[in-house]
Amino acid sequence: MSPLLHARGVTKTFGRTLALRGASLTIDAGEVVAISGPSGSGKSTLLHCLAGILVPDEGEIHYGETRLDELDEDARTRLRREAFGIVFQFGGLVPELTAEENVAVSLMFRGSGRAEASATARDWLDRVGVGDCATLRPGELSGGQAQRVAVARALATEPTVVFADEPTGALDSVAGEEVLGLLLGAARERGATVVLVTHDNRVAAYADREVVVRDGVVSEVPAVVR
Amino acid sequence: MPFDIAAMLARGTSRAERRRRRLLACCAALTTFLLLGAVNLMMIRGTEQTDWAGLVAEEGLRPGTALALVLLVIPVLALLHQSGRVAQATQERRLAALRLAGATPGDVRRLAAVEAARIGAAGAVIGGIAYVCAQRAAMAALGVRDTGRYAIALWVVPFVLVLVVAAAAAVSLLVSRHVVTSPLHVARRSTRPRPRRAALIPLAAGVALMMVGTFVQWLDLGISLLFLGAVATLVGVMTGSGRLVLEAARLTARRARSPETLLAARALEADPRATGRTMAVVGLVVAFGTGAGVIEWDVYHNASTADAPIGSFWLVSFGLTYAALLFALLVAVAALVVHRAEALLENGRSMAVLAASGAPVASLRRAAVRQTLIAATPVCAVAALATLLGMAPELATGPNPVMAAWTAGRALLMVALAVAAAAAVTAASGRLLSRAAAPERLRTE
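Respectively, the protein sequence lines represent chains A and B. Using numbering that gives the first Met the number 0, the first residue of the first sequence is number 0, and each one after it goes up by one. Using numbering that gives the first Met the number 0, the first residue of the second sequence is number 0, and each one after it goes up by one.
Warning: the hint list may mix true and false statements.
[Claimed, not checked] Pairwise CB distance ranges, derived in the manner of DEER restraints:
id, chain 1, residue 1, chain 2, residue 2, range
1, B, 234, A, 15, 25 to 33 angstroms
2, A, 57, B, 172, 24 to 32 angstroms
3, A, 8, B, 433, 54 to 62 angstroms
4, B, 17, A, 59, 52 to 60 angstroms
5, B, 14, A, 198, 48 to 56 angstroms
6, A, 73, B, 310, 56 to 64 angstroms
7, A, 110, B, 430, 50 to 58 angstroms
8, B, 325, A, 56, 43 to 51 angstroms
[What the hints assert, rightly or not] Chain A side only, calculated, beta carbon under 7 angstroms to chain B, not exhaustive:
id, residue
9, 20
10, 76
11, 85
[Stated by the list, open to error] Some but not every residue of chain A turned toward chain B, in silico, with C-beta under 8 angstroms:
id, residue
12, 66
13, 70
14, 73
15, 80
16, 91
17, 93
18, 94
19, 95
20, 100
21, 105
22, 108
23, 112
24, 113
25, 205
Hints listed in this document are in silico derivations from the structure and should not be mistaken for laboratory results. Glycine is no exception: its CB is placed at the ideal position from the N, C-alpha and C atoms.
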């Protein structure tokens with residue numbers, strides 16, 4: 000099976016800080032991969048490079064046959080819009096939009112009409128258990144509810160790959176498990192690949208495979224250790 | 000205590016903070032300059048015959064000129080207010096750290112006021128010196144002989160400086176009313192009431208008074224009513240802009256078909272007061288410009304009827320009016336840019352998440368421009384319409400299609416210019432948005 004995502008020798012610096020130094024990683028289609036590691040190890044940077052949000056200084060990122068690091072910003076934006084869904088630690092919902100509009104707006108950016116986007120958004124909010132919060136704004140939602148809306152937003156576009164950067168980091172353990180269960184359940188149901196960044200071993204245990212980033216270098220965690 | 004700590008905080012600041020301080024100092028300097036001009040005019044006695052400097056030389060016209068200078072302070076105050084709000088956002092960590100160090104919310108507010116007063120004082124001194132020097136240079140260039148009659152009395156200057164410094168501190172305290180500083184974060188109170196419909200009452204009353212004023216011929220009552228109506232209309236534009244922005248945003252959000260329009264309308268709906276305040280100044284420019292158009296018509300019409308050239312007094316007056324309108328518009332759009340910066344500081348992360356999720360930054364920029372269009376169009380249109388309605392009886396007394404076309408066309412032109420200026424400035428500030436939506440904003444500490 001050819002890999003869906005492949006990073007080779009990726010290096011990324013921020014000013015004088017070397018975040019990634021020759022990181023390499025291969026992810027197959029339909030896999031759920033956890034990227035773990037201590038704070039500041041470079042795991043979020045790796046995820047952002049894999050998702051085409053950041054461009055590495057050196058190395059290659061492949062998505063299928065496409066060389067991601069060689070695409071310009073517009074092409075990477077189109078790819079993220081069409082093929083990727085992204086969930087962040089603090090939801091990152093637009094504070095002025097209602098929960099339904101937050102989900103719908105992603106679909107509208109993909110070209111859906113408002114009525115169609117709203118209907119799909121409501122459907123996804125129901126699926127993640129926050130259908131009754133559709134008309135509320137992020138400030139009126141609990142952390143868990145906001146994160147469920149963020150999950151609905153990421154999945155509503157039916158992405159091939161879901162990137163989740165510490166999706167449960169701001170939640171208590173019960174809410175965190177619920178959100179993770181929803182995210183992985185919906186993604187597996189659709190056969191989507193999930194790349195999950197976490198520093199929590201319990202969260203990493205949900206993944207098919209775990210890799211650790213330490214000082215900007217990726218190493219595989221043997222199944223027996225997990 | 001606040002003075003010592005404010006002095007400590009003044010050292011070691013970021014580039015953004017230094018830029019904000021320069022902006023505050025500039026506002027204080029401009030306010031001082033304009034107020035000194037107004038006070039100076041009111042202190043001149045007697046009339047001197049002049050062809051072109053009537054607004055300054057004629058005793059009966061000086062109060063009006065002084066009032067115009069004071070009115071020009073309004074856009075500067077709007078900019079000052081906006082800069083104060085952006086200060087609260089940029090100082091977030093610093094203020095939270097002070098709370099953590101034991102400062103009470105009152106201490107933090109006082110500190111901010113002391114800092115504003117300190118920067119205001121620096122700006123006011125610069126403005127004062129600039130006024131005295133500029134006046135002397137202007138009098139020398141124009142060959143004014145009796146300079147003592149026109150030069151500002153130096154003993155007045157400190158009073159104006161104190162007034163400006165007090166205003167800077169007051170604006171800071173006013174802005175911090177809606178900010179909650181806790182040891183963990185700084186937040187703006189979200190429970191502020193929405194602008195009410197009643198805020199439009201002065202506008203309606205002003206139009207009605209102007210209309211009645213143009214009919215009343217008894218003694219000076221007509222003129223007084225007309226003046227009162229004009230003042231009420233201007234006040235109405237100031238108080239009612241927030242409500243107009245809210246209504247326009249609600250209507251647009253309901254009908255939005257594109258994500259850009261939806262984002263723009265909802266952003267306005269969430270905080271109509273802040274945008275309304277900035278747009279109010281743009282609306283005032285439109286109202287003044289429309290009113291000036293009616294007077295211009297009178298002057299041109301009378302000159303052509305009498306087959307005489309337009310007097311230099313009027314030409315100079317029109318030129319000064321245009322200059323004042325341009326100045327007010329420039330300051331208002333500068334306040335708009337500061338408002339954009341503030342909004343992006345507060346919501347930049349959600350913009351970065353949208354961009355990361357595949358929303359093109361160009362779309363987000365379009366949303367920003369649409370936000371300005373949705374807010375500016377109704378405010379400017381209503382300001383122009385209110386002025387035209389107030390003048391309607393006068394326009395209707397001598398049915399003259401050319402006059403009606405001129406004034407309506409002039410009003411339309413003012414609306415178009417103001418809206419276009421606001422939209423162009425928002426579009427030009429797109430770099431702020433690109434920076435706010437940059438992937439670096441996604442990094443968590």
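Okay, the hints, checked on the actual structure:
1. For the hinted restraint 25 to 33 angstroms between residue 234 (chain B) and residue 15 (chain A), the CB-CB distance of approximately 56 angstroms leaves it violated.
2. Restraint check, residue 57 (chain A) to residue 172 (chain B): a C-beta distance of roughly 53 angstroms breaks the suggested window 24 to 32 angstroms.
3. At about 29 angstroms, the CB distance of residue 8 (chain A) to residue 433 (chain B) disagrees with the hint of 54 to 62 angstroms.
4. One distance hint, 52 to 60 angstroms for the beta-carbon pair residue 17 (chain B) and residue 59 (chain A), is violated here, with the actual separation near 42 angstroms.
5. Between residue 14 (chain B) and residue 198 (chain A) the CB atoms are about 33 angstroms apart, so this pair departs from the stated range of 48 to 56 angstroms.
6. Our hint of 56 to 64 angstroms for residue 73 (chain A) and residue 310 (chain B) holds, since their Cβ atoms are close to 59 angstroms apart.
7. Between residue 110 (chain A) and residue 430 (chain B) the beta carbons are some 27 angstroms apart, a value that contradicts the proposed interval 50 to 58 angstroms.
8. In this structure the supplied range 43 to 51 angstroms holds for residue 325 (chain B) paired with residue 56 (chain A), their Cβ-Cβ distance being about 47 angstroms.
9. Look at residue 20 (chain A): its Cβ only gets to about 18 angstroms from chain B, farther than 7 angstroms, so that hint breaks.
10. Interface hint at residue 76 (chain A): satisfied, since its Cβ lies 5 angstroms from the closest Cβ of chain B, which is below the 7 angstroms cut-off.
11. The interface hint given for residue 85 (chain A) holds, since its Cβ lies 5 angstroms from the closest Cβ of chain B, which is under the 7 angstroms cut-off.
12. For the restraint placing residue 66 (chain A) at the interface with chain B, the shortest Cβ-Cβ distance is roughly 19 angstroms, beyond the 8 angstroms limit, so the hint is violated.
13. At its closest, the beta carbon of residue 70 (chain A) sits 13 angstroms from a beta carbon of chain B; the interface hint therefore is violated under the 8 angstroms criterion.
14. A cut of 8 angstroms between beta carbons decides the hint on residue 73 (chain A): the least distance to chain B is about 7 angstroms, and the hint holds.
15. A distance limit of 8 angstroms between C-beta atoms decides the matter here; for residue 80 (chain A) the minimum to chain B is near 3 angstroms, and the interface restraint holds.
16. Because the beta carbon of residue 91 (chain A) sits about 3 angstroms from the nearest beta carbon in chain B, less than 8 angstroms, this interface hint is met.
17. Using the Cβ-Cβ criterion of 8 angstroms, the hint placing residue 93 (chain A) at the interface with chain B is satisfied: the shortest such distance is roughly 5 angstroms.
18. Using the Cβ-Cβ criterion of 8 angstroms, the hint placing residue 94 (chain A) at the interface with chain B is satisfied: the shortest such distance is roughly 6 angstroms.
19. At a threshold of 8 angstroms, the smallest CB-CB gap from residue 95 (chain A) to chain B is about 4 angstroms, leaving the interface hint in force.
20. Given hint, residue 100 (chain A) at the interface with chain B, holds; its Cβ is 6 angstroms from that chain's nearest Cβ, closer than 8 angstroms.
21. Hint on residue 105 (chain A) holds. Least Cβ distance to chain B is approximately 6 angstroms, under the 8 angstroms limit.
22. Because the closest C-beta pair between residue 108 (chain A) and chain B is about 5 angstroms apart, less than 8 angstroms, the hint holds.
23. The criterion of a C-beta within 8 angstroms of any C-beta in chain B is met by residue 112 (chain A), whose closest approach is roughly 7 angstroms, and the hint holds.
24. The beta carbon of residue 113 (chain A) is positioned within 8 angstroms of a beta carbon in chain B (closest approach about 5 angstroms), and the interface hint is therefore held.
25. For residue 205 (chain A), the interface hint is violated, the least distance from its beta-carbon to any beta-carbon of chain B being 21 angstroms, above 8 angstroms.
In terms of the numbered hints stated before, the structure departs from hints 1, 2, 3, 4, 5, 7, 9, 12, 13 and 25, listed from lowest to highest.
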